[in-house]
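Taking the hints into account, I'd like the entire structure generated from these sequences.
Chains as they are written, first to last, in my numbering: chain W, 2 to 432; chain D, 119 to 308.
Certain hints may be false.
Calculated lysine-lysine pairs in the DSSO-like style (CA-CA distance at most 30 Å, straight line) [stated by the list, open to error]:
no., chain 1, residue 1, chain 2, residue 2
1, D, Lys132, W, Lys158
2, W, Lys404, D, Lys156
3, D, Lys160, D, Lys132
4, W, Lys62, W, Lys245
Calculated directly from the structure, the hints in this document are not laboratory data.
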Amino acid sequence: MAQTITQKIFARAANRKFVDPGQSVWLNVDVLLTHDVCGPPTFDIFKQEFGPNAKVWDPSKVVVLPDHYIFTANEHAHRNIDLLRQFAAEQGLPNYYDVGTDRYRGVCHVALAEEGFNLPGTVLFGTDSHTCTSGAFGMFGSGIGNTDAAFILGTGKLWEKVPDSMKFTFEGQMPDYLTAKDLILQILGDITTDGATYRAMEFDGEAVYSLPIDERMTLCNMAIEAGGMNGIIAADAVTEAFVKTRTSKPYEIFHSDPDAQYHSMYRYNVEQMEPVVAQPHSPDNRATVRSVAGTPITKSYIGSCTGGKLTDFRLAAKILKGKKVSVTTNIVPATVLVASQLETEMYDGQTLRHIFEEAGCSIALPSCAACLGGPSDTVGRSVDNDVVVSTTNRNFPGRMGSKFAGVYLASPLTAAASAVTGKLTDPRDFL
Amino acid sequence: MDTIIQGKAYVLGKNIDTDQIIPAEHLVYSLSDPEEVKMYGKYALSGVPIDQAGLPEGGVPFVEEGDFASPYSIIVAGPNFGCGSSREHAPFALKVAGAKAIIAESYARIFYRNCVDGGFVIPFETPQPLNKSIMTGDELSLDMENNRLTNLTQNITYELRPLGDVVNIVQAGGIFEYARKNDLMASSEA
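In structure tokens form, the structure reads like this:
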């Protein structure tokens, strides 16, 4: 019986030959991810339900990456880090990446990949909606709440409904003005914020496979913005090359059968696509950058699990080299590794960091920072009637801080071009 | 599980995301310390733009300034309620504020799971939009056994979608209670 890649991964994790969409199955979980916002309440529920001296099902499969509220004076936020540290010590968790030490990594979805936890064919659940990012490695990754996470901590299992799959095929050669962010914003405009609810979003086509792994992560990252259970791209040589330099753990590569059934199929030719933004206040409120060009902005923000990876900064540097920004521009590398790459990666004879500093950007320490607003002292947090162009993933009212601010979600190229002019600007004007 | 829930309606629009339900800056509070838990009641639905808060007229906060609980116990909304982040603090905040049930056209997956598995609020789906006909402040009666909603103020009854498979988890009060009843946690009891 023909199956999609997501069905095959479900079948493997449920010890079955095949599974049908709509059927609820119990999955054996390969990795559980949590962070400083949802870790402490998850651990509370775990102790309450399994007993104060209970042990997690498998300490090697629990990954704790604090990343949300790190560089803040907020005492409650500090207490949450203390609670993570305490639980990791009690349970002897080898994969805890403590704040203030050289183990600190930064944004969990990006660090998870860097640390070799993303393996084709595996099942990852995380207490963060952007856990779907890891689907870029040909695996199942999905967000859950604290109660479900506590259940996994004790049992290593979770029930999940096998999703229907939607297929998005991108053909053609990627033009230099287009990024993975433009592709996913295009899809969101087409299917809207609940267009994939409870479904798998499978990405395919030569344009997708021409993307580096961090761009594929951007594509899968925003599956949740369409309500998707997961985003997924079958692993290829690029994936394997990335994984093999980071871990020697075994993995299994799955592909959708050619005759697998899909809920729906969409085809795009990237050569005919344009840079787009999502206008306030919804990720599906798409417009071409050309059609809204000239809209004044007050801030540009380049960061997060969506838009704070090495390729995002390489692209931004292409535009910002030798230019000055005319609005506050925050560069927030997702992880410590990405931050170090800003020092070593060169574009046109200069390091990325040098290019950003010369342009007048302010470079922050790696964390989720203002992507989700955060405590009042968070770097880049929107205030009053700010109009922000941002490489992040959500622009619902108040998402980046102020309820009165407007956020335009955009590619790093568009965010950089707009930073220079102080107005929404199509990156083709600079390329 | 109560079979009838009666209370005042609080009406919202579509795509009410988790940042509107509980803005991220408040996620620092403990979900177990009784004093801090109150803060989730205080800030429940505080991120909804005021003109969209308490439809049809708007301008009605879910929780009054200075209060920690809401006078409204049934939330009525359009499609895609609870979209956005995975934060379980969202259904938790609604429960702390006093909400018992939500009647929406559809839900985002993680929010729906959190409502059911955590046993916080009961997420009913309605086949037709009700957030245009029901008004904030209307007295509603929700008959859980018969999946029926009566607007006592306007004297109209609506059929709701049955909860389906998850009714067992809802009736048990959450995934842990359900799992214990069905021996799903036997191997890992501490």
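Here's how the hints hold up against the structure:
| no. | hint | verdict |
| --- | --- | --- |
| 1 | D/Lys132 to W/Lys158 | 33 Å, violated |
| 2 | W/Lys404 to D/Lys156 | 22 Å, holds |
| 3 | D/Lys160 to D/Lys132 | 22 Å, holds |
| 4 | W/Lys62 to W/Lys245 | 19 Å, holds |
Hint 1 from the earlier list is the only one contradicted by this structure; the remaining hints agree with it.
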